[in-house]
Amino acid sequence: MFDFSIVTQWFHALLLSFLPEGVAVFLECVIIGLFLLLLYALLACALIFMERKVCAAYQCRLGPNRVGPWGIFQVFADVLKMLTKEIIEIRHADRLLYNLAPYIVVVASVLAFSCLPINKGMEILDFHVGVFFMMAASSIGVVGILLAGWSSNNKYSLIGAMRSGAQMISYELSIGLSIMTVVMLTDTMQFSQIVERQADCWFIFKGHIPALIAFVIYLIAGNAETNRGPFDLPEAESELTAGYHTEYSGMHFGLFYVAEFVNMFIVAGMAATIFLGGWMPFHIPGLDGFNAVMDYIPGFVWFFAKAFFVVFLLMWIKWTFPRLRVDQILHLEWKYLVPIGLVNMLLMAVIVVFNWHF
Amino acid sequence: MISNEIIAIPVAEYHDRMQQLRNEGYDFLESLTGMDWGDSLGVVCHLESTTTGAHIVVKTATEDREHPELPTVSDIWKAAELNEREVYGFFGVRFVGHPDMRRLFLREDWVGYPLRKDYDASPEVNPVRMTNEETLDSTPTYQLNADGKLEEKVNVIFEDGEYVINIGPQHPATHGVLRFRVSLEGEIIKKLDVNCGYIHRGIEKMCESLTYPQTLALTDRLDYLAAMHNRHALCMCIEQAAGIEVSDRVQYIRTIMDELQRIDSHLLFFSCLCMDLGALTAFFYGFRDREKILDIFEGTCGGRLILNYNTIGGVQADIAPDFVRKVKEFIAYLRPQLKEYHDVFTNNVIARQRLTGVGVLSREDAISFGATGATGRAAGWACDVRKRMPYGVYDRVDFREVLFTEGDCFARYMVRMEEIEESMRIIEQLIDNIPEGPYQTKTKPVIRIPEGSYYAAVEASRGEFGVFIESRGDKSPYRMKFRSTGLPLVSAIGTIARGAKIADLIAIGGTLDYVVPDIDR
Amino acid sequence: MNALKHYIVDFFRALGSLLVGMKTTMREFFTRKTTECYPENRATLKLSPRFRGTLTMIHDEENHHRCVACGLCQMACPNGTIHVVSRQETTPEGKTVRVLDRYEYNLGSCMFCQLCVNACPHQAITFDQEFEHAVFDRSKLLLKLNKEGSSLKKQ
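Residue numbers (this note's numbering), protein chains in the order written: chain G, 907 to 1264; chain W, 0 to 520; chain Z, 9 to 163.
None of these hints come from the bench; they were simulated from the model. Predicted, not measured: the structure shown is a model, and the values here were computed from it. Positions of the beta carbon are idealized from the N, C-alpha and C atoms, including for glycine. Treat each hint with caution, since some may be false.
Partial pick of chain G residues on the chain Z-facing surface, computed with a CB cut under 10 Å [claimed, not checked]:
#1 Tyr964
#2 Gln965
#3 Leu968
#4 Ile1223
Pairs of lysine to any residue residues, derived as SDA-like cross-links and limited to a Cα-Cα distance of at most 25 Å, are as follows [as the list claims (entries may be wrong)]:
#5 W/Lys325 / Z/Lys41
#6 G/Lys1061 / W/Phe157
#7 W/Lys500 / G/Leu1236
#8 W/Lys116 / W/Tyr453
#9 W/Lys338 / Z/Phe19
#10 Z/Lys41 / G/Phe1214
#11 G/Lys1061 / W/Glu133
#12 W/Lys325 / W/Arg424
#13 W/Lys338 / Z/Arg21
#14 W/Lys189 / G/Ala1072
#15 W/Lys338 / Z/Leu26
#16 Z/Lys31 / G/Met956
#17 Z/Lys54 / W/Arg303
#18 Z/Lys13 / G/Leu1248
#19 Z/Lys31 / G/Leu1125
#20 W/Lys386 / W/Asn432
#21 W/Lys291 / Z/Pro57
#22 W/Lys441 / W/Gly472
#23 G/Lys1061 / W/Arg180
#24 W/Lys325 / W/Gln250
#25 Z/Lys31 / G/Arg958
#26 G/Lys1061 / W/Asp136
#27 W/Lys325 / Z/Glu36
#28 W/Lys338 / Z/Leu27
#29 G/Lys991 / W/Pro171
#30 Z/Lys162 / Z/Thr98
#31 W/Lys152 / W/Ser182
#32 W/Lys500 / G/Ala1148
#33 G/Lys1241 / Z/Arg21
#34 G/Lys987 / Z/Pro47
#35 Z/Lys41 / W/Glu290
#36 W/Lys204 / W/Arg220
#37 Z/Lys54 / W/Glu290
#38 G/Lys1061 / W/Thr494
Sequences and hints are given; from them, build the entire structure.
Printed below as a string of structure tokens:
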């Protein structure tokens, strides 16, 4: 298994050879930040393209096919268009908050994004309460959405933002419960450790029934957390035209849009890390030859393959179901997911205590 | 067949006589038409009893052209509410006791009453206004006070502190340019006010200056998802009035086309409802299959949406050589597709929860509003014109009138889905038995209708579509009124959406399935 | 107890309906796509011969049409789309006849109702299948249907 920390350590040593340590670390931070943002943007483009093609296939269409072969440059054309569009200032809007909101949303999603361990030794933010940090960071996003809805001076936006608040705060609970279920199994909250402990068997297999239930709950709640269908109430276009971002134009709208897609990736990547072994290859205990072959596939390929598989699952769900109503969403959370999640956690505790897992 | 006899009632007795008729069982106000007879202004009302099926047509008129006033019947039939507002806007007749005397379709600053015969249509009088029309939160109403004098009062629609949002005219879920003003309390709808007229084109007025064959060109543009039905109704009315016989072949073709159009409309209904509820994938399935009907239409009629098929005394062209084969193929194709719709949407727990028990319209209200079609049948009112007053060859085919009793969104949805199956059954019974014969009866070069008034109705995609013609024996009608299928549906929204959530309003609008050009005409 | 059973049965029934929906969409995921690749498929695009595209006047190989400039189509048109301009001519036999000068047709206001074609006693006009009507200037929609130098077909 290739350990990426060899590269980072070599680079660190290289910089230290002609720079004082403080400057070297600063330079490294800048470079990593740039890489992070680049990856963020490219991932968003890839996800948008994937979403269009996948949803088209579900709908018996071809999807974008005009710009470039199979329309692969369509998203770049759209980004270019978005960049050139005017950011419209609305009269009577709360200027500061109105302009601030999209950045809060993006910052929250970049922070959460940087927690994802992409490869062995390729974690940007990795410390012993990583799970807590990730959940805390991702829930800043709702503040941005609430601010956007409030400051737009638009009644639709406000309703959308209020729905979003109710929905995201509720579903955070289920996300927490399902992640906690796995944390009980691993006894660590550090992402790199979580992945390391799946070397023999991914948690979804190791924890069998409770892990599987936690995985499903996590997918549902994660879907709701990212405001994607069937939980896209905050921006339900047939009800609220565009919900909280009705009044945003140009790149400010673009930021919301990009953040939504990367949030979906974060949910998928987190599911991949926690339940499906992250960058850890598929190992079957006892079959050493098979395991060795699997190890030849680099970790980041495993990670992205798993994450995109979950993304595909989320898209499948989104493009099949009608949207729920606001009271039904809360019913689903408080009457079904939370009780099931609690019982599931208890079940996991029993399994861990009696060592009934694989 | 509705009798064309009109009973005249003096204005003074009008309200009491109408109340008496209502008590006698005439509970369905089919149509309320404003009229300008030259010397007098008034209304013609078509009434029907839903228990006996008896029809009666009454009229009343006032000779005062300066300040014409008639008593309202909106307290007797709720259907009169919007219809009287329409008459007020077009003829200037003020209805005493009507709670809301705003113009329904025209701007408040419109000068003159366009459907009056002495209306000045020059553009100087009503130039294109470059200012926005102010939206009023209150409405005038006229009441008789104790000493018999008319008194203007103000009815407040929305109070100052209410959280009022506009749904429409530009909104993804209003299916066109319809505007609801909705007062909200959180997500819950407290009050709803309908604003129509954004695509009012004055088709009824235009018809008055066109010859009878020319009027046909406009009906396809009313409810474009019931183009065949609309034109069928108009042709039927003219044929009955002018005594033109049509061949059996034409009757068969018209019936088949009507049913194809019904399937087309209901498929679009399914698609749009799915889209309104956020199931965008199911939307495409409906549209994909509807495309096949449009191809069949294109092969025979030459059009896909604007069909121009029925003509006075026949149809535009004989059916295409491959028509029968294609229709059979289509029916064989659609059956399994319907199952897919049920899999992906009808049986889905989310869709069920969104539709069941939402937007309940009672049978009494449905009749009072005149909400015919699937909406009425979902409430348990057997209002199918095909059964009530058979036309075409509907008396010769075996089909079931789909009836539900719940009156909620899901019942309305299911009525339409089952009607698709009934329509397929009707077509299957007819498609192999189209008799030989001419597809067009020879008519006079200039068609005139003998003096009198005529009414004919068909079951269009979303209810009873009626045509009322008042003729003075000319080659063009003196007054032509189309009974809109959508207007009663829209008038009912205010009642059934009260207390529902915003998302329910979308579901209610989707299942009522109104088409705006048909409301506005 | 009954309530709990109800809760559990409902839950699994709901889950089942969701899975059936997902199965259906997954099946559609692999079916043939219905997108029409217009304009690439222009060559193979088949329109019904009855499709009403643009009003045209039928001309034969010798540039003869059948229009006698009677103006019936103009009268039949509901919104004044057609304007027939004719002139009086004296034939060698000494009869004065009406001859078509210009057959003006405003595509911009045509509503394709086919009343003009129905009204024509000589089948001089018909609708063709040309549907690509977009132009940059409204004046380009004012068409002259009789070709340059064409004349009435001799009976």
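Hints, verified against the model:
no.	hint	verdict
1	Tyr964	holds (5 Å)
2	Gln965	holds (8 Å)
3	Leu968	holds (4 Å)
4	Ile1223	holds (7 Å)
5	W/Lys325 / Z/Lys41	holds (21 Å)
6	G/Lys1061 / W/Phe157	holds (16 Å)
7	W/Lys500 / G/Leu1236	holds (14 Å)
8	W/Lys116 / W/Tyr453	holds (20 Å)
9	W/Lys338 / Z/Phe19	holds (23 Å)
10	Z/Lys41 / G/Phe1214	holds (23 Å)
11	G/Lys1061 / W/Glu133	holds (19 Å)
12	W/Lys325 / W/Arg424	holds (16 Å)
13	W/Lys338 / Z/Arg21	holds (18 Å)
14	W/Lys189 / G/Ala1072	holds (22 Å)
15	W/Lys338 / Z/Leu26	holds (15 Å)
16	Z/Lys31 / G/Met956	holds (20 Å)
17	Z/Lys54 / W/Arg303	holds (14 Å)
18	Z/Lys13 / G/Leu1248	holds (19 Å)
19	Z/Lys31 / G/Leu1125	holds (18 Å)
20	W/Lys386 / W/Asn432	holds (21 Å)
21	W/Lys291 / Z/Pro57	holds (17 Å)
22	W/Lys441 / W/Gly472	holds (20 Å)
23	G/Lys1061 / W/Arg180	holds (12 Å)
24	W/Lys325 / W/Gln250	holds (20 Å)
25	Z/Lys31 / G/Arg958	holds (20 Å)
26	G/Lys1061 / W/Asp136	holds (18 Å)
27	W/Lys325 / Z/Glu36	holds (24 Å)
28	W/Lys338 / Z/Leu27	holds (15 Å)
29	G/Lys991 / W/Pro171	holds (23 Å)
30	Z/Lys162 / Z/Thr98	holds (15 Å)
31	W/Lys152 / W/Ser182	holds (22 Å)
32	W/Lys500 / G/Ala1148	holds (17 Å)
33	G/Lys1241 / Z/Arg21	holds (16 Å)
34	G/Lys987 / Z/Pro47	holds (24 Å)
35	Z/Lys41 / W/Glu290	holds (14 Å)
36	W/Lys204 / W/Arg220	holds (14 Å)
37	Z/Lys54 / W/Glu290	holds (15 Å)
38	G/Lys1061 / W/Thr494	holds (23 Å)
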